[in-house]
Amino acid sequence: MAETQSPTIKLYIRVALLLGVLTAIEVGLFYLVEFTGMTQAMATPLLLGLAASKFLIVVGYFMHLKYEKPLLSRTFAIGAVLAGGLYAVVIADTIVSYLNNA
Amino acid sequence: MSAHAIGESTGVENRKLGMWFFLSSEFLFFGALITNYMLFKGRDLPAGVPTPFGIYDIPFTSFSSFVLLMSSLTMVLAHHALHEGDQRGTRTWLLTTAGLGLTFLAGQFFEFSEFYLKGAGLSVAPVWSSFFVLTGFHGAHVFIGVLMLLILFSTSVRNGELSEAHGLNVELVGLYWHFVDIIWIVIFTVVYLIP
Numbered sequence: 001m002a003e004t005q006s007p008t009i010k011l012y013i014r015v016a017l018l019l020g021v022l023t024a025i026e027v028g029l030f031y032l033v034e035f036t037g038m039t040q041a042m043a044t045p046l047l048l049g050l051a052a053s054k055f056l057i058v059v060g061y062f063m064h065l066k067y068e069k070p071l072l073s074r075t076f077a078i079g080a081v082l083a084g085g086l087y088a089v090v091i092a093d094t095i096v097s098y099l100n101n102a
Numbered sequence: 001m002s003a004h005a006i007g008e009s010t011g012v013e014n015r016k017l018g019m020w021f022f023l024s025s026e027f028l029f030f031g032a033l034i035t036n037y038m039l040f041k042g043r044d045l046p047a048g049v050p051t052p053f054g055i056y057d058i059p060f061t062s063f064s065s066f067v068l069l070m071s072s073l074t075m076v077l078a079h080h081a082l083h084e085g086d087q088r089g090t091r092t093w094l095l096t097t098a099g100l101g102l103t104f105l106a107g108q109f110f111e112f113s114e115f116y117l118k119g120a121g122l123s124v125a126p127v128w129s130s131f132f133v134l135t136g137f138h139g140a141h142v143f144i145g146v147l148m149l150l151i152l153f154s155t156s157v158r159n160g161e162l163s164e165a166h167g168l169n170v171e172l173v174g175l176y177w178h179f180v181d182i183i184w185i186v187i188f189t190v191v192y193l194i195p
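The listed protein sequences correspond, in order, to chains A and B. The first sequence begins at 1 in my numbering and counts up one residue at a time. The second sequence begins at 1 in my numbering and counts up one residue at a time.
Isolated chain A (complex conformation):
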């Protein structure tokens, strides 16, 4: 952890509670699609946004990347961007295949 700033226990507990609330909202969205008129097309971007928020909160506060040198953020981002790129290529290929077969 960088020693310029040190999060307090209170902050860690607040962050954990926020993560719990975001998880509950995710599960709630899943059931809204199951039992109400909410479409998956509406829920999917919200679910991905919530997952991305949880991801960034854990990385920022629990892994202390918010308080670390930019070198570590860049190092971590390389893998994340490459993995995201791989995912995007496959999804794009799947969409193109679907459209060709339609």
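Any given hint could be a false lead.
Unchecked claim - Listing some non-contacts, in silico: residues in chain A with all C-beta distances to chain B over 10 angstroms: (1) GLY37; (2) MET42; (3) LEU48; (4) LYS66; (5) LEU71; (6) ASN100.
What the hints assert, rightly or not - Partial selection, computed: residues in chain B whose CB lies under 8 angstroms from chain A: (7) GLY31; (8) PHE60; (9) SER62; (10) SER154; (11) ILE194.
Said to hold, decoys possible - What the simulated footprint calls covered on chain A by chain B, stretch by stretch (three residues with Cβ under 8 angstroms from a Cβ of chain B suffice, anywhere in the stretch; the number is not a length): (12) 9-21; (13) 49-60; (14) 83-97.
Read the hints as simulated data drawn from the structure, not as lab findings. Heads up, the beta-carbon is just placed ideally off N, CA and C, and yes, glycines get one too.
Once you've looked at the hints, dock chain B against the given chain A.
Coordinates of chain B only, in the frame set by chain A:
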């Protein structure tokens, strides 16, 4: 700058930088496994093979996810306690984190058993192969994390304390543990919640 980083040209302790590179490479590993699952999850299944969304137990998996999220809190509390010189607190939180990790693994074992009894298996269909490989590898990572936590705990008990040098070890194990948590955040949403 941390005391460990003195003399490092990057200003970051080499082992810590190495851990971040390792975690970055792990993204590609899990990215490939998640993508593999995504490719197969919409495909037709042989007769008698259940679809993943037909047998997922979302309330149960939600509880497991919550357990793993809370283990990230206890891990960071262990690191914080060590930073404050609270050796007893460090031991308590390390052991709690390992316990939560084992609870998650027990849940995964139960889930796999349930799926197997309902007709899913490693070789019944590509979607199930990719599911078990993805979640199985994640479980293996959790297991390795639990072992590292227990090693830190036993070192602390044996030596009576964790020294300054061990402080970095706690931080590195913590980074690994949080990484396992963020991978599960992605798996839980992409694999379990989005059909």
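The hints, checked one at a time:
{"no.": "1", "hint": "GLY37", "result": "holds (16 angstroms)"}
{"no.": "2", "hint": "MET42", "result": "holds (12 angstroms)"}
{"no.": "3", "hint": "LEU48", "result": "violated (7 angstroms)"}
{"no.": "4", "hint": "LYS66", "result": "holds (13 angstroms)"}
{"no.": "5", "hint": "LEU71", "result": "violated (6 angstroms)"}
{"no.": "6", "hint": "ASN100", "result": "holds (15 angstroms)"}
{"no.": "7", "hint": "GLY31", "result": "holds (3 angstroms)"}
{"no.": "8", "hint": "PHE60", "result": "violated (11 angstroms)"}
{"no.": "9", "hint": "SER62", "result": "holds (5 angstroms)"}
{"no.": "10", "hint": "SER154", "result": "violated (24 angstroms)"}
{"no.": "11", "hint": "ILE194", "result": "holds (6 angstroms)"}
{"no.": "12", "hint": "9-21", "result": "holds (count 7)"}
{"no.": "13", "hint": "49-60", "result": "holds (count 6)"}
{"no.": "14", "hint": "83-97", "result": "holds (count 7)"}
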